[in-house]
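Here the protein sequences line up with chains A and B, keeping their order. The first sequence begins at 7 in my numbering and counts up one residue at a time. The second sequence begins at 549 in my numbering and counts up one residue at a time.
To be clear, the hints were calculated from the coordinates, so they are not data collected in a lab. Because the structure is a prediction, the values reported are computed rather than measured. Incorrect hints may have been included.
As the list claims (entries may be wrong) - Using 25 Å as the maximum straight-line C-alpha spacing, the simulated DSS-like pairs for lysine-lysine come out as follows:
1) A:K329 to A:K278
2) A:K226 to A:K252
3) B:K858 to A:K151
4) A:K440 to B:K929
5) A:K151 to A:K422
6) B:K859 to A:K107
7) B:K782 to A:K226
8) B:K858 to A:K107
9) B:K909 to B:K859
10) A:K290 to A:K252
11) B:K779 to A:K217
12) A:K442 to B:K929
13) B:K782 to A:K217
14) B:K831 to A:K107
15) B:K929 to A:K434
16) A:K226 to B:K928
17) A:K217 to A:K278
18) A:K151 to B:K859
19) B:K928 to A:K440
20) A:K151 to B:K905
21) A:K252 to A:K389
22) B:K963 to B:K928
23) A:K49 to A:K151
24) B:K928 to A:K442
Unchecked claim - Taking beta-carbon pairs under 10 Å as the criterion, some of the chain A residues facing chain B (in silico):
25) N94
26) G96
27) K107
28) G140
29) S152
30) V205
31) M229
32) P236
33) V424
34) A425
35) D431
36) L437
37) E441
Idealized CB from N, CA, C, for every residue including glycine.
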Amino acid sequence: MKKLMLGILAALAPLGAQTFVIQNATVMTEGSKGIFKGSVVVKDGKIADVGERVMVPAGATIIEAGGLYLIPGIIDCHSHIAGSGGINEGSVSVSSMVNIKDIINPDDISIYRALAGGVTTANILHGSANSIGGQTLPLKMRWGKSAEEMIFAGATPGIKFALGENPKRAGNPQGGRGAVGAIQISARYPATRMGVEDVIREAFNDAKAYKAEWDAYDAKAAMGEHPIAPRTDLKLQALKEVLENKRYVHVHCYRADEILMMIRAADDNGFKVRTFQHVLEGYKVAKEIKEHGAGASTFSDWWAYKIEAIDAIPFNAALMAKKGIVVSLNSDDAELMRHLNTEAGKAMKYGGMSETEALAMVTINPAIQLGIDKTVGSIEVGKDADLALYDGFPMSDFAKVTKVWIDGTQYFDRDKEVAAQAAKDTEKQQLLDKEKATQRPQTNRRPNQ
Amino acid sequence: MKKLLVFSFLWCSAYALAEGPSTVAITNAKIVTVSGQVYAKGTVVLKDGLIEAVGDNVTVPPDAWVVPGEGMTVYPGLIDALSTVGIPGAAPAAAGRGGRGGATQAQTAAPAAPAAPAERSWGPEDRPQTTSWLLAADELQAGDKRVETVRGSGITTAVTYPTRGIFGGQGSVIDLVSGEKPAEMVLVPSVGQYISMSGGRGFGGGGGFPSSLMGIIAYVRQLYLDANHYKLVKDAYARNPRGMQRPEYDRALEGLMASPRFLLPANQAVEIDRMLRFGAELKGISPVPQSMILYGAREAYSPEAVTLLKKANVPVLLSLRWPTPPARSADGDDSNETLRTLRERDQAPNAAAALVKGGVKFALYSDGTDAPRDFQRAVKKAIDAGLSREDALRALTVWPAEIYGIADRVGSIEKGKIANLVVTKGEIFDDRTQIVMVFVDGKKYTPEPPAAGRGGPATDEPGAGGNQ
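So that you can see chain B by itself, here it is in the shape it has in the complex:
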């Protein structure tokens, strides 16, 4: 015990210097590898940021710093499949002129700058609300306070996106290390294009085209058609530029074509149906191979939605921000609530279990549910609604890793994978479970224990303080 205390003290100072031992062994802990077996009393060895060995018969290297793991459980680091963490001031997309002309207030230059004055968009040619070329990896800021908060939930890896506008930009997979250089965080620079349909400034404020859902859909379709044509002309020019006018460079289309997949929003079953059809259409138009992901999926508890998703074989990111009742008036009058809304609120947390049962590949994502207690509670809600604890863990580790094609480096405790681990006292996602330490890239972080008084109820809107 005394040894452990001394050890912790030393390590704290090491953390302050942003350095740690290169070799660590967690011994005699319960190890849930996710990909393989559970070791009731096992050892995991981390070396130079990678998992060196795991098992119940592992020799602890002589140079390893030892964490006695009695009474503790080790899980793979959790992956948040859709986040904005690390991009504190993700600049909003300009209302107009994203692609051509170049008269834009460049977001890349000053991500934290306030929104540029609205420039009215007159149609798809103005590339409204588009920053498809933005790369999350380039927007990362080392000092983002949310990194630490989110890590407190056991999240070691996040797929973080620029989310403003219709074409927000390209997401990056990042490890939640606290360092000097944001570049240290990046696992994969571009994994997909974030497409939003919820509007932004075009709505009501006179920001111009598009100002309706059908306008947004038409715009997205037109941008894909333009990308298709752009590629056609560019390729022809590359083959033989003589006698041919050069095609005008269009960064909105370049950004689109640089994205290996696209994310479409869909909550209601009707929207899931709509976006599955639309996504299939976009894949057909796209000049480069792209896969699709749906995010939101609130009504995925309905058999119709599950059937559609299974049939389309499209992976889903399920929001952990379960619908909550609106603030009730003082007299408690709730007569305006429709049966439909009430059913949705009642059944929404069943979605995860329904997706498992229906054989749909999915991952859970925080959707701005940052505070560790809120996050834990949100996952627990899905477990209470029928999701097994094992599948809850998979939906936050190996499944998102598979969806993004990074299961060869993160998502489970295996030799050679990145040393991202969560060490808990108690079963993960339980109310009373304490996250003792988190390893990211082999670096140890000790989450702050919840402050006194923080044990109260979840906020009405989980993650309302988020950066979305």
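Looking at chain A on its own, in the form it has when it is part of the complex:
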């Protein structure tokens, strides 16, 4: 029994980073080498060489990948997996004091399933219940590692903002016009789009005052004085970091008018929106988004699932890209996250993107948006060896992920997973049988229940 369990653990545990060469694959680099047929050399967790002909380091493991496709690990710019105890602190209009970092759950099976879909990095966002939501950060899908080890080292942290219907909270007992019925509670402001803008502007008024107070203190302290430090306010601290360009703003939005409102509010307060998320009407205001310098992370062809998604078109991603905006496609969902490759494929159908341009929307483009393109997002020498190997053209519905590496460590292997399934089923049945055998008869159960 014990032996069996160890066997399973060994099968699931990721192999350590090692030197290996993936050869004869069709490599879609999303970098300067474009698409070619050849090899990728991985050493010490980094990509050491890329080319049609490479030198094989001594002792390197050879992975024969003839007929297979190698792409950079997929990056999801908008995900809510891997968190414990709720992804929304919806009780207040500004919840910037909360931080996803505090509740990372490396045990969430969605991480492993995302890996099985080729995802190696995901931007874990707070929900969209508040005008200004919680602090966020990107994770690498290092399944089996601890919460701390999942964190994408060196990545700039973010914060979630949200506009429109969600922060208005119409009909939600935590907000909108308040609850009706048994529990009488005070409604949460705001209940209108005007209110959403007001909340954001008021919050930054407070944040600027807070920043001024701290700046004055820091200046005095630098002069050698010993003033009493101001109170640390976690809520305003996060917004102070936004004002200091130390924290990216990711804004959940749909309609053109609210996108323009957000740009004005950001300009007035002296900060930048890093990405507009969902941004289904982005094609209407692409010029303004481009001028502001924000990225756009949208859906492929999802529309009309709510009132503000009524004007969505599947050409949105391509149209925004043609205006020069860095565009990514995101999942916002643990299931959709597993086939972002086909979401990218839709950009080829709607808008005539090339395969490289389409694949960029789930690899290098989200990397640029998250400020991590120096280390991930493409297959180029010196970057992290975050790779996904497909058994066919990666944007096809029929393509399956066979292997996934992060930092040169293999975290997913389809064959091994399938092979381990029987042992897991056996163990489960054994545990169930054991439990039934040791359970005492339930005498306290009422008859005919």
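Using the hints provided, position chain B relative to the given structure of chain A.
Showing chain B alone in chain A's frame:
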């Protein structure tokens, strides 16, 4: 024999008067001191609530009432390291405005009163679900029926906490005496702040901030930051109040700073990792020296968890409420159970043995497993899973005493310590073992033998009737 009967009779009437002999000697019993040797045939003398002498060559004082201990075993009284016993109506924390403003329904005034209507909290400044200033010692009620029930398990000492809300309040070490005045029970008034992350009213009911785990964590962090700043300003004001606005009194922060340690909840290995890091952060922020304890620890059977705990050198309170299978549907369909859950249920009782092996300081706690038979069975489960009987006893005596810094007065049978003893027929924690008598502060109590029909199986949820 006849003498013993007469003696017992006399003593019963003495108990009714809440008085007993000041000197008692238990002779010719097996004595398990825990701290020292086991006397196969020894004598222990109790005087004025303290242990006067113990050994195999002890002279019985002439004024002592003698308990002939042939065939009996004497152990130190058990310590429940985390309990709510003695606080029958521990009032829930108000949803909002705990610290400032003062418009709270004061729990201290009427602990048994029903919950105050939910007042919505709008952020950390409202001090939601916080009663950090509550002191268990002040909330004790002499008439709590649970005192007698719990004592029937051989528990003589409990660390009892107000547990409602996020900052429940400060726990007190109490001796489980039945008396007129709750104050007689108190050993140490404040030993630590009970912090809960499981929610309470903020969840789903519209009680306001915080309504998520990350909200709770942010709130706890903010309260510590506020305490830090509060102390800074208060100290400056104390040095020179002239020309300085006085800092506003905040009882939530006062309560926090009055706690010598804090307790954080963690069951899964992931939570143990999370709370060890969070606790270390809080210790760094806290304006007063505080130590930390983790409670729950269900997944402490995993090597990863044990390694983390050992490395952090943080003591653990391990719940005796082992996970039980959910009520199965009539057709016995259990296909929804994950392998992970099944493994956890299978291995949870291994945790105690794993902690011993890993060198982690821990104590077992009842977690609402009140009924003596359930309690006994729960401990036995850990013993069956590899915990030695000696270590099981230590985890309920000297180890909790060490964790709370009270090993100089309770936790073992030694001269000068408080006269808390359990006298059994048979080895403690065995299925058939009978607890014959319990001494608390030198007072003798005779547990009611389990009523007929009570010998059945444990309830599905041990301690489900508890007060948690």
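Checked hints:
1. A:K329 to A:K278: 19 Å, holds
2. A:K226 to A:K252: Satisfied, since the Cα-Cα distance of roughly 23 Å is no more than 25 Å.
3. B:K858 to A:K151: 19 Å, holds
4. A:K440 to B:K929: 15 Å, holds
5. A:K151 to A:K422: Holds, at about 19 Å.
6. B:K859 to A:K107: 22 Å, holds
7. B:K782 to A:K226: 21 Å, holds
8. B:K858 to A:K107: Given pair K858 of chain B, K107 of chain A holds - Cα atoms ~24 Å apart, limit 25 Å.
9. B:K909 to B:K859: Cα-Cα ~12 Å, so holds.
10. A:K290 to A:K252: The hint is violated at about 30 Å.
11. B:K779 to A:K217: At roughly 22 Å apart (the allowed maximum being 25 Å), K217 of chain A and K779 of chain B satisfy the hint.
12. A:K442 to B:K929: 16 Å, holds
13. B:K782 to A:K217: Status holds; Cα separation ~23 Å.
14. B:K831 to A:K107: 19 Å, holds
15. B:K929 to A:K434: Cα-Cα ~22 Å, so holds.
16. A:K226 to B:K928: 63 Å, violated
17. A:K217 to A:K278: 17 Å, holds
18. A:K151 to B:K859: Cα-Cα ~17 Å, so holds.
19. B:K928 to A:K440: 18 Å, holds
20. A:K151 to B:K905: 24 Å, holds
21. A:K252 to A:K389: It holds: about 23 Å lies between the C-alpha atoms, which stays within 25 Å.
22. B:K963 to B:K928: Outside the cut-off at roughly 30 Å; violated.
23. A:K49 to A:K151: 21 Å, holds
24. B:K928 to A:K442: The given pair, whose Cα atoms are some 19 Å apart, holds under the 25 Å limit.
25. N94: Because about 6 Å separates N94 of chain A from the closest Cβ in chain B, which is inside the 10 Å limit, the hint holds.
26. G96: 6 Å, holds
27. K107: 9 Å, holds
28. G140: Interface hint status for G140 of chain A: holds (6 Å vs cutoff 10 Å).
29. S152: It holds, given that the least Cβ distance between S152 of chain A and chain B is near 6 Å, below 10 Å.
30. V205: 13 Å, violated
31. M229: 19 Å, violated
32. P236: For P236 of chain A, the interface hint holds, since the closest Cβ of chain B sits about 8 Å away, which is under 10 Å.
33. V424: 16 Å, violated
34. A425: Because about 16 Å separates A425 of chain A from the closest Cβ in chain B, which is outside the 10 Å limit, the hint is violated.
35. D431: Holds - the Cβ of D431 of chain A comes within 10 Å of chain B, reaching about 9 Å at its closest.
36. L437: 4 Å, holds
37. E441: This interface hint holds because 6 Å falls under the 10 Å limit.
Of the hints listed earlier, those the structure fails to meet are numbers 10, 16, 22, 30, 31, 33 and 34, in rising order.
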